[in-house]
Amino acid sequence: MAKIIVEVMLKPEILDPQGQAVASALPRLGFTSLKAATSVRQGKRFEIEIQGDPTPTQLAEAEQAAQSLLSNPVIETYIVKVEK
Amino acid sequence: MSLDTVAIAEENPNSVQPFAELGLKEDEYARIKTILGRRPTSSELAMYSVMWSEHCSYKSSKVHLKQFGEKAVKSAALLVGIGENAGVVDIGQNYAVTFKIESHNHPSFIEPYQGAATGIGGIVRDILTMGARPIAVMDPLRFGLADAPDTRRLLPGIVAGIGGYGNCLGLPNIGGEIVFDESYAGNPLVNALCVGVMKHEDIKLATAHGAGNLVVLFGAKTGGDGIGGVSVLASETFNSAKPTKRPSVQVGDPFAEKVLIECCLEIFKADLVIGIQDLGGAGLSCATSELASAGSGGMDIQLEKVPLRDPTLSPEEILMSESQERMCAVVEPAKIKHFMAICKKWDVTATVIGEVTTGERLHITFNGQLIVDVPPRTVAHDGPVYNRPIMKPSYIDKLAESTFTVPLPTAADEVKAAVLKLIASPNIADKSWVTSQFDKYVQGNTVLAQPEDSGLVRIDEETHLGVAISTDANARWSYLNPYEGAKLALAESCRNIATSGAKPLAVTNCLNFGSPEDPEVMWQFAETVRGLADACLELGLPITGGNVSFYNQTGSVAILPTPVIGVLGVIQDVRERTPMGIPAADLDLYLIGKYNGNLSGSEWAYLHGEIGNSAPVANLEMEKRLVDFLLSGQSIFESAHDVSNGGLAATLVESVLKNKIGARIELNDVANALFSETPGRVLVAIAQNKTNDIAKLAVKYQIPIYKIGTTGGTNLEINQAVISIEELSKAHTETFPRLFG
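Quick mapping for you: the protein sequence lines, in order, are chains A and B. According to this note's numbering, the first sequence is numbered sequentially starting from 11. According to this note's numbering, the second sequence is numbered sequentially starting from 2.
Fair warning: there could be bad hints in the mix.
Just some of the chain A residues that point at chain B, by a computed CB distance under 7 Å [to be verified]:
| # | residue |
| --- | --- |
| 1 | 24 |
| 2 | 50 |
| 3 | 70 |
| 4 | 86 |
| 5 | 90 |
| 6 | 92 |
A few chain B residues that don't get close to chain A, going by computed Cβ distances all over 10 Å [to be verified]:
| # | residue |
| --- | --- |
| 7 | 24 |
| 8 | 111 |
| 9 | 115 |
| 10 | 200 |
| 11 | 213 |
| 12 | 225 |
| 13 | 257 |
| 14 | 303 |
| 15 | 310 |
| 16 | 342 |
| 17 | 412 |
| 18 | 413 |
| 19 | 659 |
| 20 | 669 |
| 21 | 727 |
Under the rule of at most 30 Å between Cα atoms (straight-line distance), these lysine-lysine pairs were calculated in the BS3-like manner [what the hints assert, rightly or not]:
| # | chain 1 | residue 1 | chain 2 | residue 2 |
| --- | --- | --- | --- | --- |
| 22 | B | 67 | B | 34 |
| 23 | A | 54 | B | 336 |
| 24 | A | 21 | B | 222 |
Hints listed in this document are in silico derivations from the structure and should not be mistaken for laboratory results. For glycine and all other residues, C-beta sits at the position ideal for the given N, C-alpha and C.
When you get a sec, could you build the whole thing from the sequences and use the hints?
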């Protein structure tokens, strides 16, 4: 059993209000050593479970899905990888 | 990259600069050189290019728009006119109202959710800047065909963006329009209107005077959002052959804006600012040059003090960034401590970035090096002005000479089928799928909202003073005759206000057109402005401001000329308003106003692929009497609903469906009576013992009235055609969920 992982993040230049909110909440909620964090970025992760090792077709389709369905290419980037 | 300073610009006068890539024409670039007596630095070039873009400078529209000032009636109600962030109108009881409408068309095409969201954010800050508390928003929208794949991408995103941002701000969305037409494919129109209220003494202006006063930037940090967006997004046409431009999209943060609103209102209350300006299109370039040129003239800015989200930004990028949720204020040094304390309380970052000077120049330094040294007026106001060629499009005469036929139902079953077909069509169908995503009642002051004729909000909880807003455009009439189209849109908007029981008071507009470089589009624009200015004069209403959006076209195909006209009205007691829905059985239904059989531009013709040959001619003298008739008769009308898109058929169905109370109607010439969209008509319901009252009013205002039926039952019966309320409801409400659900 393997997983095709698609990780989607906002492009670095795009404002991430949720990440900002997390960054300012961390020290307030007692994670004081993280006060020094200059930024927090929040993204999303998809795990596509498949039987056996992914075939090249499956990887290509995952890539296509990442680009056209799972991410918004105008403001987000993605990476596709495999975890066993 | 090395810093291009004024000194370097003087030493290297012949450096090649990418003015064309920034959207400047060769003669415009030459003019900048003449103004400065040298080549601009790259920062100056950035400022000029963005401020001289069509979007910021109105360079193609200015020569026409000045009619709004020249022809305008002197209105005692107008406290602040065109030129400020938004106009301000006196509504009595020491209340002033400000309202404005703007387009965010191109950004919404690129990234529907964020484009629409930041459109709301921008117009809300414009209203806030005047010193007002924003109280409601509205959004007129236009899309390509409802079943086109691109519309399925755009509409849900845009609707979610408007709802997402507006709902988070706690602002009720009280109306708008949704219209589909193939000409908007690839060019959706996302217009956003905001209305705000304040007391007379709270009005704020965008000005910077008093040497030594401090310039404060406050709100969100500056990032790489929409750099060059204002010129790239708003001034160039999308070309499907080239890869789509993907400029840095601005992302809105409504919670930051909410905090900024409350922070600003507290600052205003403590009377801490001399002048204030929001940062929208063109960001700091716009805010600094406009503040300086509206004041005594001089300003020094230290650009390195601007708090950055992205520390790698160059000074040019800082000047052009369109990061959202930022404001710029001019504050006396004695008040800065108090100002900063309020910002701190609201957790809003505030930084002094410069000061007002005695000079006449805007100086911007970066780490001590002078990078901008310009007369601010040349950036903000003295941009290029084009008197672009205009040419009457050949299609107009061709259409005028043409004849067209559309099938007209006669037998009862044909009439029934035709009505059901019309009310299920996307332009007429029930829009709750969209409006239910918006919070219509937050703040508890909404009295009327979509689908009523106008949105109505209570201003004062004790006196029940309220304001009504309506936005309207009939782009097909504007296509057939832009002069009449503009007049008709204003007339319809006024009629909608009066139908709800409010008195029209002031006008705003958002003029959406194709490329101004196309003489035929420019003719449509010139005729529209002429029509609107004439109509405002005739109706005695001031224009408080507006917005022009050009380049709404794909290839050589422009959108239909779409002047969206917003009218603000005042109602002394919101409890007296007239709703659109039939409230009870056994009332008499009257059609106010005469119709003719011209189906040009009507929804019925559009459903059969015809646009027709001629727009109606606006009769504003009659429209004025109609408004007076409606206001005088308010106490006897149980309900009133304007007859416009979809004709009497749509008006009847909407009036019946609102409270699920049927009606029985008798009409001669049934098809034309149902589907003609002749302007100047309203359907009203009155108690049967008020017959004499309405007849007297009709005589007094010389308005023709026709008793067409009575209310009651569970059907809409038109002559022999019987349609049950269930059938109507099903046809009317199923379209949107089917298309977008």
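Quick rundown of the hints versus the structure:
1. 24: holds, 6 Å
2. 50: Status violated, d = 13 Å.
3. 70: Violated. Min distance 22 Å.
4. 86: violated, 10 Å
5. 90: violated, 20 Å
6. 92: violated, 28 Å
7. 24: Non-interface label stands for residue 24(B): nearest chain A Cβ at 21 Å, farther than 10 Å.
8. 111: violated, 6 Å
9. 115: Per Cβ check, residue 115(B) is inside 10 Å of chain A; nearest 7 Å; violated.
10. 200: Since the minimum Cβ distance to chain A is about 33 Å, residue 200(B) lies beyond 10 Å and the statement holds.
11. 213: holds, 34 Å
12. 225: Contrary to the label, residue 225(B) does not stay out of reach of chain A, its closest Cβ about 4 Å off (not over 10 Å).
13. 257: violated, 7 Å
14. 303: About 23 Å separates residue 303(B) from the closest Cβ of chain A, which puts it past 10 Å; holds.
15. 310: violated, 7 Å
16. 342: Answer for residue 342(B): holds, closest chain A Cβ roughly 20 Å.
17. 412: Given a closest Cβ separation of 50 Å, the condition holds.
18. 413: holds, 49 Å
19. 659: holds, 38 Å
20. 669: Residue 669(B) clear of chain A: closest Cβ-Cβ about 56 Å, beyond 10 Å.
21. 727: Non-interface label stands for residue 727(B): nearest chain A Cβ at 39 Å, farther than 10 Å.
22. 67(B) to 34(B): At roughly 28 Å apart (the allowed maximum being 30 Å), residue 34(B) and residue 67(B) satisfy the hint.
23. 54(A) to 336(B): Cα-Cα ~45 Å, so violated.
24. 21(A) to 222(B): The given pair, whose Cα atoms are some 17 Å apart, holds under the 30 Å limit.
The structure fails hints 2, 3, 4, 5, 6, 8, 9, 12, 13, 15, 23 (numbered hints given earlier, in ascending order).
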